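Engineer: Using the sequences and the accompanying hints, generate a full structural model.
The residues making up each chain are set out below.
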Amino acid sequence: MDQFPVFAPISPYTHALSALLIAVFLVLLAILLLETSLLVYMIIRYRDRPGAPEARQIFGWNTLEVIWTLIPIGILTVFAFFMISVDREADPLVPPGRKPDLEVIGHQWWWEINYVASGVVAANEVHIPIGKPILIDLRSADVIHDFWAPQLGREIDAVPGHPNTLWIEAEKPGTYMGECAEFCGVEHAWMRFRVVAQDQVAFDAWQRAQLATPPSPSAPDAIAGAKLFTDKTCINCHAIAGTVGNQTVGPDLTHIASRAMLAGEAARNTPDELFRWLKQPDVIKPQSHMPDFKLTDDEAHELVAYLEGLK
Amino acid sequence: MSQMVEAGVAPAVVTSEREGLLKWVASVDHKEIGILYLISAMAFFLIGGVEALVIRTQLLAPGLHIVSPETFDQMFTIHGTTMIFLFVMPMLTGFSTYIVPLMIGARDVAFPRLNAMSFWIQLFGGIILYFSFLAGGAASAGWFAYTPLSEKAYSSLPGVDFWIVGIACIGIGTLAGAINLAVTILCLRVEGLTIRRLPLFVWMTLVNSFLMIFALPLINAALAMLLIDRFFNAHVFDPANGGSALLWQHYFWSFGHPEVYIMILPAFGIISEVIPVFSRKPIYGYEFVAASSVAIAFLSFTVWAHHMFAVGMSHVANLAFGVASMTIAVPTGIKIFNWTATMYGGRIRFTTAMMFAVSFLFTFTIGGLSGISFAIFPLDWQLTDTYYLVAHFHYVLVGGSVFGIFAGFYYWFPKFSGRLLSERLGKWQFWLTFIGFNLTFFVQHILGLAGMPRRVFTYPDLPGWQVMNVISSIGAFMLGFAVVLFVWMIFDALSKGEIAGDNPWEAWTLEWATTSPPPPENFDRVPPVHGRRPLWDLAHPDRADELVAGA
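Heads up: the protein sequence lines correspond to chains A and B, in order. Residue numbering for the first sequence follows my numbering, beginning at 1 and increasing consecutively. Residue numbering for the second sequence follows my numbering, beginning at 1001 and increasing consecutively.
These are computed hints drawn from the structure, not numbers from a lab. From a predicted model like this one, the values you see are computed outputs, not experimental measurements. Treat the hints with care, since some could be wrong.
[Said to hold, decoys possible] Below, in silico cross-link-like pairs of lysine to aspartate or glutamate (EDC-like), each with a Cα-Cα straight-line distance of 20 Å or less:
#	chain 1	residue 1	chain 2	residue 2
1	A	K227	A	E169
2	A	K294	A	D221
3	A	K227	A	E299
4	B	K1427	A	D221
5	B	K1496	B	E1423
6	B	K1152	A	D297
Structural biologist: Structural data, given as structure tokens:
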């Protein structure tokens, strides 16, 4: 079932959604089967055959009309009852004074993730401790996006000027799919993310590592790469702690080497793919905001050496 | 309401002396304008179909670069806009424009010149929309052009401007056409044809006209605001400067949801004519089919925010719009049951028109049922903006509106042209359409449940995604072939089709009481109308409907 995330709930918010989805599908399927059998019956039984008598001219029967008005009303009333109860479970009210755990900001076409308490800044990879409800304050820096990790929580838009909140939780450790579900421009397809759920110890370790300033590069090519990072104006968009780069136009790269994917999951985070991404961003993610700096192969290798050292 | 005018009192028919192309351009005859609607809508159907095939080709495998993301976004934006505003709406309006005056025994519509203007301004709107491809690139913000993506800051090319002006023109033309048809139906009915005896296609056209009259001003007002935003920096929808991004969605869907019914009610009307005629029985529960349409029309203005369950509205708003949306299923269900019951005890003739009508009952039911899963708003949070949604609305709009349009075409083509479409090729065309359609869209339900979002130019190589996309694309090409076959069948029938005669289907409404095609003045003499099926009464004076039904 893991292929169908909406049927593989892993959080208290999605168990009820998944159960209701299955129940409603079964009821709808039963109605479809009823209508289809009626149609098939009519098609076979009342097909015009040579010599058959003229059809009796029937104009209707009010009792039947009342019956097929009331039965659907009954079914829908039951649906409405479950709709209300599942709403409460999937989207509980936020207790007054409860601070969000994460502030997530949608950008064209990546996710900025700020850990409110610890100050960790991440991108496109949300690490959470298992078994804890996580409250997300969801915002947008530009157009409307939609944050959806189907196994962990409901879909909700990131709307500029209209902050939303969202609960997610993971009951088991694992890596869970996430994506932008609202069309947000050319690279909407590559605005994917993942949620990495870890036990508390592993999460704390991750958080400590993210807070640390990465060591200065020591290998010659990495030192050259660090210089290029400033000289080639990467710092106009990207931040790396311990350098002069502090902009948030693009993802924070302080611990880029710790992430599994690049460019909203358009590429895997391997030296080869990072090299291609730096050399030809328009091939990996056409028309994204990552400019093509016409790097030479040497320059790109040096940048890769530097960036892949930022664990 | 009760004012009735005999056919002779209706506006004089202007018969044109002109020949060739000019005859068509200058025509104010409702039949010729109806044909123009059908031709133009069919042409845009082909263009929109090509756009769909570009989309389905690009999605054949993960990571393809057959078209650029920008082109892909233009394709789905213009595909949606074309199919809605330049195919389904004008196609159905074309049927109404041609058939309604004949069905009510009138010589023409109430305002023949306005009728011509309605058509030409809509075509003009379509040309403006397509001109944008030559003027720097078509709109690529999606057919509902959510702000602020459609604002100048994020869509700096002029595509959105052409899109706005094009749709505004179509809106004006549609509105004028709706007023025209409503007045025609209310004022030009032949003596004896009371509102309670109107053929259901006319009923649906009347209800639909009021829907258009109330819904289209909403979109045109919003379009004007967006245009002012884009040209004069009004910031109405720009949250960075105090505007509201969500306001656009409220305006758009307060038009957009009635629009869904604007696209389906006339198809309901076609189905309500075709099923009784080929079942050789009157419609089951006439009053309920008519009244449920009025209910749908009213309710359609109360449900718009079900398109917005994911934007973060209050729990109360979600609940109110969820319940209202579920309510619409009741009158829709009443219709489905009545159409099915009409076949009960019938002597069903499986002409191609009837096959499309019966398959409508199946495919539209699937679309209607999957709609309920969106009305239950917590489920919308796991389904919306995925391919499940794409599947849902194509089951409603293709499995509903387009199947209805095909049924109407096979049914009325003999009246338009005097010749029958080939029933032999028609069966092929039907099965290709039915199988191609279900291949294309059924699998998209599953794709959506697997999590594939809509409007992505490519997708990651997740298990099963490519297989499902390939199945969908194969179906799309089958569907494309079926449409090409249909167009060829039209040309074939026009030159060598079997001569139809006045009433090839032994139908009962007034359009079949005149020649095929009808003369410019429509009727020599309109038969007397004492019930809902004047030609039945004429053929069976001893068992006339009024004696049975009392209508």
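Engineer: Any hints from earlier that this structure breaks? Give me their numbers in increasing order, please.
Structural biologist: 1, 4 and 6
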